[in-house]
Amino acid sequence: MISVKNLTKEFPKKDGSVFYAVDDVTFEAKDGEIVCLLGVNGAGKTTTMRVLSTVFQPSSGTAEIQGWDIKTHPDKVRENLGFLSGDTGLYNRLRVHEFIRYFGRLYSMDDPTITRRMDEMAELLDMKDFMDKKIEFLSTGMKQKVSIVRSIIHDPPVMIFDEPTSGLDILTARNIVAFIRSCKERGKCVLFSTHIMREAERLADRVVMIHKGKILADGSLDALREISRQTDLDDIFIHFVNQSDLETEVQAHEF
Amino acid sequence: MNSKKVMIVFQKELMEVLRDKRTLFTTLLLPIILYPILIVGINAIMTRQTGVLEQQSATIAVQDSVLSSVSRSIIADMAAIDNYSFIPAGENAQELYDSKDIQAIVSIRDSLTSEGLTTYHVFVQYDAANERSGMVYSKIRDSLAGSEQRIVEDHLRSRGMDPQLMNIVDVRKIDTASTQRKMGMMLGMFLPYIMILMLLTGASVVAADLVAGEKERKTLETLLVSGIGRMEIVIGKYITIITLGMLSLIVNLFSISVSVKYMLSQSGVIMDGAQLPFGAILILLAAMLPLATLFAAILLSISTFSRNMKEARSYEQPLMMVAMMMGMISFLPAVEMNNLMALIPVINIALLFKAVMIQDYQLSHLLITIGSTLILDVFAIWGTIKLFNTEGILFRSDDDSGSIKGIKKNKANFFNPYNGLVYFSLALMLLYYLGSYLQSKDLATGLVQTQLLVIALPVLLILRLLKMKSNEILRIKIPRLTEVLLIPFIAIPASIIVALFSQLINAIYPFPETYLENLGQLFMMDLPLWGSFLVIAVAPGVCEELMFRGFLPRFFQKYSMKINIVLSGLMFAAFHLDPFRFAPVFLLGMLLAYLTLRSGSIINSMISHTLNNGFALFIMSFAGAPFMKFILRGEDDLHYWLLVPALLVLALAIYMFHKVTGDKECVE
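So the protein sequences, as listed, match chains C and F. Just so it is clear: in the first sequence, position 238 is 237 by numbering that gives the first Met the number 0, and no numbers are missing. Just so it is clear: in the second sequence, position 349 is 348 by numbering that gives the first Met the number 0, and no numbers are missing.
Don't take each hint at face value.
Calculated cross-link-like contacts (lysine to aspartate or glutamate; reagent style EDC-like; alpha-carbon spacing at most 16 Å) [claimed, not checked]:
id	chain 1	residue 1	chain 2	residue 2
1	C	Lys133	F	Asp19
2	F	Lys217	C	Glu135
3	C	Lys4	C	Asp154
4	C	Lys183	C	Asp154
5	F	Lys217	C	Asp168
6	C	Lys70	F	Glu390
7	F	Lys20	C	Glu135
8	F	Lys99	F	Asp63
9	C	Lys213	C	Asp86
10	F	Lys3	C	Asp109
11	F	Lys3	C	Asp110
12	C	Lys12	F	Glu390
13	C	Lys29	C	Glu63
14	F	Lys138	F	Glu53
15	C	Lys75	C	Asp154
Residues from chain C shown here face chain F by an in silico Cβ test under 7 Å; the list is partial [as the list claims (entries may be wrong)]:
id	residue
16	Glu78
17	Thr87
18	Arg92
19	Tyr101
20	Phe102
21	Arg104
22	Leu105
By construction, these hints were calculated from the structure, which means they are not laboratory data. In this text the structure is predicted, and so the values were computed from the model without any measurement. The C-beta atom is built at its ideal place from N, Cα and C for all residues, glycine as well.
Required output: the full structure, derived from the provided sequences and hints.
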């Protein structure tokens with residue numbers, strides 16, 4: 000499971016001031032649950048996920064992945080985490096099996112285990128025909144499958160998907176969506192981010208709406224519908240954005 | 000650190016690199032093909048061409064103004080040269096020579112010495128820049144040497160003397176250098192340079208790919224979220240660069256030595272049992288390893304800093320240039336290895352190389368070289384790991400603050416450290432080229448023009464273009480009276496201290512004569528005293544201050560005042576393009592920067608600068624005057640005891656200045 004507590008990530012701006020990419024964010028994602036981080040571009044989704052996957056250090060606050068703190072045990076966090084994004088690059092000069100084995104070894108797995116896992120996944124994702132091919136000769140769909148295998152070769156309990164379908168065609172995107180569902184079925188904790196409302200609607204058990212680094216709303220779709228008195232997710236989102244802008248204005252007047 | 004994971008990264012990177020045809024070609028295949036072609040091929044062509052040159056015919060005009068038996072015999076000797084035809088020089092000889100119809104003109108004249116002896120003068124007119132003409136000269140010279148020998152011998156005989164008299168002093172050289180060492184000397188000259196270059200080329204191709212390339216291909220994040228720590232990633236990549244650098248070096252060396260060996264055996268050089276010194280080369284390869292690690296660390300940090308491969312490759316260029324220039328030290332005569340040189344990276348390897356090749360090196364030098372390089376290397380790799388852990392660097396985003404578009408968008412952006420360095424470099428170039436051109440015509444006018452056109456004008460022009468308030472930016476503001484009153488008590492003692500400092504440096508490490516002469520010219524200009532004062536004191540006092548204390552600190556205003564003072568001093572000293580006065584000028588620059596930044600008024604440092612330069616002018620102009628005996632010893636040296644009162648007055652004056660100006664630091 001993922002638990003995020005008062006997470007803040009700031010970046011210095013050129014003029015010396017600070018930009019809050021993620022501003023005091025708190026939420027949870029339980030095992031067997033798909034949680035969607037929903038927000039427009041630049042809302043802080045990717046930064047949140049980069050902090051969760053230990054690529055960035057949090058400025059304040061923290062998060063735990065499967066009980067491991069991202070600040071104190073980054074190596075344990077990475078071991079328990081599978082990370083996949085829409086535009087991950089691959090090492091073109093490696094063959095598919097070499098590529099997957101490389102990441103397996105980096106997770107300290109022994110070779111027989113890697114081979115077994117790889118065979119299973121190749122069977123499951125229908126990849127047997129191109130396991131010996133060099134990655135540069137693969138199609139986008141094939142590459143996406145390779146990325147999937149890479150992200151779960153160590154069978155992590157927590158999966159994070161950053162805009163997993165961005166830039167993919169419908170058929171390839173469908174593979175990903177199916178894969179996310181299968182993760183849930185196997186009891187994994189899944190966090191994925193998107194700016195596409197339909198995707199959130201189709202996949203998520205719970206939606207965490209993020210805007211300008213802050214959380215607007217957190218709850219199941221039904222709950223959010225109830226609070227906002229809107230049915231369409233687009234409208235729900237806009238409702239919460241308007242509400243937050245109003246609050247900021249009021250605060251600005253108070254000072 | 001998990002060494003197993005480091006090895007996993009290393010193996011994978013190596014496999015990937017070796018599968019890249021481009022890298023494989025430039026680092027391994029190219030040298031294997033290139034050197035045989037270059038060394039053997041070009042040598043063959045050269046040998047052939049030299050043969051062609053020797054066979055070439057030539058026509059030479061001969062003008063014999065003596066017409067004696069001796070001059071005729073000289074001409075007869077020359078006529079025996081194969082393929083050359085000699086024609087009497089007519090009036091059009093010079094025309095024929097100019098149109099290259101003839102390759103040389105030989106004219107023979109004579110003169111009488113006071114003892115009544117006839118001396119023959121043979122003039123050979125030829126074009127040394129033309130290979131064919133040069134060959135003609137060397138053949139004629141050989142022929143003339145033979146003629147000379149014969150004529151002198153005949154003369155001696157005719158006077159009843161033994162021709163052996165000519166050989167009464169017989170000079171012979173006894174060369175103790177073995178062929179081996181001679182070859183070592185030759186190799187020691189150019190091999191270090193080539194080896195350093197090969198090492199860097201091999202390593203840089205890979206280095207750019209390893210981090211910047213991963214950023215470009217968006218694989219870096221994948222690696223960062225996988226089961227490996229950042230330090231392991233850095234070390235794994237670092238070992239890959241070292242390996243490839245050394246591999247490329249070895250392949251290059253092997254290819255060169257095989258080619259050279261083949262060339263030598265072909266050209267029939269008597270090797271006299273001399274071998275290519277493989278043993279020495281092995282020692283040097285071992286010594287190259289620390290350098291390889293140092294280069295690898297620097298290259299890796301460049302790669303980490305760069306956003307993409309292209310950027311990495313362009314940032315690598317300065318490193319290549321510096322290393323190449325340092326490697327060239329082996330070409331310089333009379334530079335020898337010592338403990339100090341052994342501390343300087345690259346230079347130490349080049350000199351060590353030279354010494355090892357002539358079998359004349361000290362183990363201590365080898366150890367210092369390896370040790371000092373390794374220490375630097377530790378710092379460099381530590382810095383790289385730091386960089387790799389700095390999010391702002393590893394995920395550096397695009398910034399256009401340096402571009403014209405960026406400046407227009409946000410004028411405040413213009414004043415950033417990067418632009419400051421660019422401006423400083425441009426100004427330095429302008430000074431070097433335009434300034435020296437201006438001063439070459441007339442020193443006094445040139446100096447004033449340099450100050451106005453090179454130093455002050457660009458500053459004012461830029462501020463004008465950016466529509467900024469020059470007065471505000473350059474801190475042009477009337478200072479308080481108390482400040483101004485204190486300035487002479489700061490400027491004059493400071494001048495004395497700086498002058499004494501220069502004197503001290505000169506005493507320990509004497510300046511070259513020509514340097515002192517050039518400096519002296521400054522004060523010998525054909526100007527009245529007030530004119531010299533304007534040129535030497537006022538113009539720099541105003542213009543240089545505008546640039547160094549007004550304009551440049553604005554670029555670095557995000558740093559503290561202390562850093563700004565040091566930076567200003569450094570740039571001021573560098574700008575004088577004078578290694579001998581670097582330290583004194585640095586001190587002076589810092590003082591002037593303090594005066595402006597502390598008080599917020601550039602007028603203070605302008606007055607101080609003018610007074611300082613005026614003081615030097617005063618000393619030089621009145622050096623001979625009787626009243627100067629009090630402070631001068633010898634021609635124009637100051638008494639060392641002056642240091643004490645100068646320091647006291649300066650300290651007191653600065654203390655008061657500091658008090659008067661209060662706490663309004665102007666670099667926020």
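Going down the list of hints, with the structure as the test:
no.: 1; hint: Lys133(C) with Asp19(F); in the structure: holds, 12 Å
no.: 2; hint: Lys217(F) with Glu135(C); in the structure: holds, 14 Å
no.: 3; hint: Lys4(C) with Asp154(C); in the structure: violated, 26 Å
no.: 4; hint: Lys183(C) with Asp154(C); in the structure: holds, 13 Å
no.: 5; hint: Lys217(F) with Asp168(C); in the structure: violated, 19 Å
no.: 6; hint: Lys70(C) with Glu390(F); in the structure: holds, 15 Å
no.: 7; hint: Lys20(F) with Glu135(C); in the structure: holds, 14 Å
no.: 8; hint: Lys99(F) with Asp63(F); in the structure: violated, 21 Å
no.: 9; hint: Lys213(C) with Asp86(C); in the structure: violated, 25 Å
no.: 10; hint: Lys3(F) with Asp109(C); in the structure: holds, 12 Å
no.: 11; hint: Lys3(F) with Asp110(C); in the structure: holds, 14 Å
no.: 12; hint: Lys12(C) with Glu390(F); in the structure: holds, 14 Å
no.: 13; hint: Lys29(C) with Glu63(C); in the structure: holds, 12 Å
no.: 14; hint: Lys138(F) with Glu53(F); in the structure: holds, 9 Å
no.: 15; hint: Lys75(C) with Asp154(C); in the structure: holds, 14 Å
no.: 16; hint: Glu78; in the structure: holds, 6 Å
no.: 17; hint: Thr87; in the structure: holds, 5 Å
no.: 18; hint: Arg92; in the structure: holds, 4 Å
no.: 19; hint: Tyr101; in the structure: holds, 5 Å
no.: 20; hint: Phe102; in the structure: holds, 5 Å
no.: 21; hint: Arg104; in the structure: holds, 5 Å
no.: 22; hint: Leu105; in the structure: holds, 5 Å
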